[in-house]
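Residue 272 is where the sequence shown starts when you use our numbering, and the numbers rise one by one after that.
Hint data in this document are derived by calculation from the structure and do not stem from the laboratory.
Heads up, a few of these hints could be off.
What the hints assert, rightly or not - Derived CB-CB ranges, DEER-like: (1) P508 to G397: 23 to 29 Å; (2) K335 to D587: 29 to 35 Å; (3) L526 to D452: 26 to 32 Å; (4) T605 to G397: 19 to 25 Å; (5) A308 to Q487: 54 to 60 Å; (6) A515 to R408: 40 to 46 Å; (7) H615 to G338: 51 to 57 Å; (8) Q487 to L526: 16 to 22 Å; (9) G338 to M566: 36 to 42 Å.
Cβ coordinates follow ideal geometry from the N, Cα and C atoms, glycine included.
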Amino acid sequence: MPYVMVQIPKTPAPGAPAPRSVPTSADVARLAGVSRATVSYVLNNTSAVRISEPTRRRVHEAAKELGYVPHAAARSLRAGHSRLVLMPAPTIPVGRLYGQFINELQWALSRLDYTVVQHGSVGLHGDEAARAWAELRPVAVLVPGAGLGPKGVAVLKRSGARAVVTLGPETVDGAHALLMDHEVVGHRAGRHLYERGRRRIGVVVPEETGLEAFSQPRLAGVRAALRGTDATVTDLPLAYTEEAGARLAARWRELGLDAVFAYNDEYAMLLMRALLDQGIDVPGETAVIGADDLMLGRLLRPRLSTVRLELPSGRDLAELVDRAVRNPAAAPETHKVLEATVVHRESS
Numbered sequence: 272m273p274y275v276m277v278q279i280p281k282t283p284a285p286g287a288p289a290p291r292s293v294p295t296s297a298d299v300a301r302l303a304g305v306s307r308a309t310v311s312y313v314l315n316n317t318s319a320v321r322i323s324e325p326t327r328r329r330v331h332e333a334a335k336e337l338g339y340v341p342h343a344a345a346r347s348l349r350a351g352h353s354r355l356v357l358m359p360a361p362t363i364p365v366g367r368l369y370g371q372f373i374n375e376l377q378w379a380l381s382r383l384d385y386t387v388v389q390h391g392s393v394g395l396h397g398d399e400a401a402r403a404w405a406e407l408r409p410v411a412v413l414v415p416g417a418g419l420g421p422k423g424v425a426v427l428k429r430s431g432a433r434a435v436v437t438l439g440p441e442t443v444d445g446a447h448a449l450l451m452d453h454e455v456v457g458h459r460a461g462r463h464l465y466e467r468g469r470r471r472i473g474v475v476v477p478e479e480t481g482l483e484a485f486s487q488p489r490l491a492g493v494r495a496a497l498r499g500t501d502a503t504v505t506d507l508p509l510a511y512t513e514e515a516g517a518r519l520a521a522r523w524r525e526l527g528l529d530a531v532f533a534y535n536d537e538y539a540m541l542l543m544r545a546l547l548d549q550g551i552d553v554p555g556e557t558a559v560i561g562a563d564d565l566m567l568g569r570l571l572r573p574r575l576s577t578v579r580l581e582l583p584s585g586r587d588l589a590e591l592v593d594r595a596v597r598n599p600a601a602a603p604e605t606h607k608v609l610e611a612t613v614v615h616r617e618s619s
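Assemble the whole structure, with the sequences as input and the hints as a guide.
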């Protein structure tokens, strides 16, 4: 007996709403009473064509009512490149200062009609990471920290990236560079402690993986500041736990230190609390200084001395990206962007 295959169409459940079609620019144009070209000019913020404010308002209201948003891929095809700025997500803990910088950068780039996307690339490094970023076809890539090399820059540019910007301690061939030399942070802290009369200075070196790019230059900066003086420098590996802080504080008097640069304010607060619990007077017996100038440091007693850092303006970096996108053949720019100033308070 022959078998006959019959396909039974699925019927929607009783009362289920029919699927809605995706709204198009033609729908927006009909509702707003304008042409599709006008919709495109308004929603893409085109400045070359003058559109009256009432017309702009009608287009935006129609798009909002319909739930319409421009198609990024189609816009990229028309422009010849995307408006996507990719920023690899940091693989190490970042603090309030860096978070504020990223927020300002995203705001500034959005004002220039770019979209910032953070890309999670855990486990990928160097050229391998660059290939993963290139798959998204960004118009620009902002790379925090070290790891990207000239080959990775070339991969990104071949994929259509018009601007590659690195934020780190050194330049990379083919990329714009914002040089962030953390040695100056340690140098400022070391000079401050020496000028306060301290001669046996400890430097906290965090044991968290990934922080070496910051902690080692800061340690080197303290050593450079005290080179040729009668002061000594002792590096102090420390995990960010109460137990580790307590263990270090328990042997503090054996170490014979009279000051410590604690890498940053968070480690400084951890260690200072442990020292005070151990009965070690701050600053009488040991001076303490951190870095970053967090508000919590001002709430401590004694108030925490710190090195205040000034990162580049997000607006300035956005303008650098825009210049590079508009003129990809221009020579790479290099800017030193990290400033450091000591804020003296009671702990030192």
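Now for the hints, and whether the structure bears them out:
1. A C-beta distance of roughly 27 Å is found between P508 and G397, which places it inside the suggested range of 23 to 29 Å.
2. Remark: the range hint 29 to 35 Å for K335 to D587 is upheld by a beta-carbon distance near 33 Å.
3. For the hinted restraint 26 to 32 Å between L526 and D452, the CB-CB distance of approximately 29 Å keeps it satisfied.
4. Roughly 21 Å separates the CB atoms of T605 and G397, a value that falls within the hinted 19 to 25 Å.
5. Look at A308 against Q487: about 57 Å separates their beta carbons, and that is inside 54 to 60 Å.
6. Range check, A515 to R408: about 45 Å between beta-carbon atoms, so the 40 to 46 Å window is met.
7. Judged by the Cβ atoms, the range 51 to 57 Å given for H615 and G338 holds: they are separated by roughly 56 Å.
8. At about 21 Å, the beta-carbon gap between Q487 and L526 stays in the expected band of 16 to 22 Å.
9. For the hinted restraint 36 to 42 Å between G338 and M566, the CB-CB distance of approximately 41 Å keeps it satisfied.
Of the numbered hints stated above, none is contradicted by the structure.
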